[in-house]
Amino acid sequence: MNASSPVSLASNALVNTFFNWDLIAQTFPRLITEGLLNTLIIAAGAIIVGVVIALLAAMLLLSNRWWMRLPARIYVDVFRGLPVIITVMLVGVGLPAAGIRLFGTDPFGYAILAIGIISGAYTAEIFRSGIQSVDPGQLQAARSLGMSYLRAMRLVVVPQGIRRVLPALAGQFVKDIKESSLVYLLGLAVGQRELYFIAQEEVARTYNSSPLIAAGICYLALTIPLTYFVNHLDGRLREGPRPESTPAPADPDLPDTPVAASGGESR
Amino acid sequence: MIPTTGEEPMSSAAKAPPASAALRVTALSKSYGSTTVLRDISLDIQRGETLCLIGPSGSGKSTLLKCLNLLERPDTGDIWLGETCLTAPGTDVDAVRARIGMVFQHFNLFPHMSVERNITVALTSVKGFTRERARSVARRRLDEVGLAAFADQRPGRLSGGQQQRVAIARALAMEPEVMLFDEATSALDPELVKDVLAVMRDLAQGGMTMAVVTHEMGFAREAADRVAFMCDSRLAEIDTPDRIFEGAQHPRLRQFLNQVL
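Note that the protein sequences, when read in sequence, are chains A and B. Take the first sequence: its letter number 34 is residue 34 in the numbering used here, and every next letter is one higher. Take the second sequence: its letter number 252 is residue 252 in the numbering used here, and every next letter is one higher.
In case anyone wonders, no lab produced these hints; they're calculated from the structure. All C-beta atoms in this analysis are idealised placements derived from N, C-alpha and C, irrespective of residue type, glycine included. Careful, some of the hints might be misleading.
Unchecked claim - Which residues of chain A face chain B? A few of them, derived with a C-beta cut under 8 Å, are:
1. R73
2. S148
3. L155
4. P159
5. R163
6. R164
Using the sequences plus the hints, can you model the full thing?
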């Protein structure tokens, strides 16, 4: 086989289009110095906005008064049902056009808000299902000690509920990181460009897709460790903290101490 | 060992009229939809008295107990804790609940907290204790039920009997005026029951006011001052253990005792 055979040419073109190492190497410094941080800011902002909205919405969804559930239900159904691109455009272009310039002309704020609103709708359902899965006896026990409903929820029920849905929550955070790229639709100034925006500029300039591969690697470098970190956390919480201390001391009143079936077996 | 709680100051007791009970229930009724679970229940529990509630399952005794601290809302009727009417509009129910301890069938310890934190969480958040003060209370209460060595463990690592003793310590740490026990030993393996009953018996002898829903007829006979028999959502009989267990008149009570004894 020599280098000019048609098969070889085609595969060269294929490799060159996606894995032009020179281009990838050229794009990386800007991705790392500018894009990564901006992506992280948008994603982290959206996650925080989403979690705050979701906690509130989940509490409303769990209310036994229909008029408290209703607004939360509508919010969740609407923003889970709309295409992400429509929400981003409505918030990022629509709001400023209507004179509601919450963040001036800065697309960052609108992007964080839009993705946070979407994320909140999904996260609210995740929280609701987690909180609902907590044994009602936990709330009863907390209330019997004199805690108010909100205090009992905050100290006893919600922490247990969230622990149960950590994997689902991690999936949602991964989605938020990916969707931060939609800020592209709103246009960004120099210095504000996130991973996808930078890659897209390079693609437009070179007509080669390798920069997208570079940006993709950056996204994976964020999302995959996040997933594994949360799964690790989840496992630890399930099994309880590692017995760095001594194992449970024997009860002097009991000849042999049976391990409760409800607790996680220590390994 | 449980210390006597008799010497504790009971400020409300001093002001209460002599006839007033620690806990008073008047004409209480409750139904779920068309099913009536409690029918016109009236009941006094005197200070220092241990009242055992017995009866067939579904007779309403657990619901009655949960009405006593308003975990269940009665439809009609009033509940008085000393001079405080729980069912009056505007009553701070959370504050009243802090004066009533409750122990549940399934312990209901908080699994995400250490044993010690299970006890201190209400002391710090409801009673406003400092961490140090709450911790010393928790250690003392755990010591009393023989579980001080488990303070830093998660409840899931303890046996059922140990968990229930922690739950009792958690309730007692709030220094309640009344303790409610909702089938506290029903979920336990037989060999673990006696430890929990021993703690409850000490508590009764120490002068605690207690309402105990139980299937342990031996405990009711020995530790109770009075026994109430419930059936068909009604309080059918209430009398001393001797008269309930030896001289049962009510045909349903006789039938029930024949089945369980």
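Hints broken by the structure, by number, lowest first?
-> Hints 1, 6 contradicted; others consistent.
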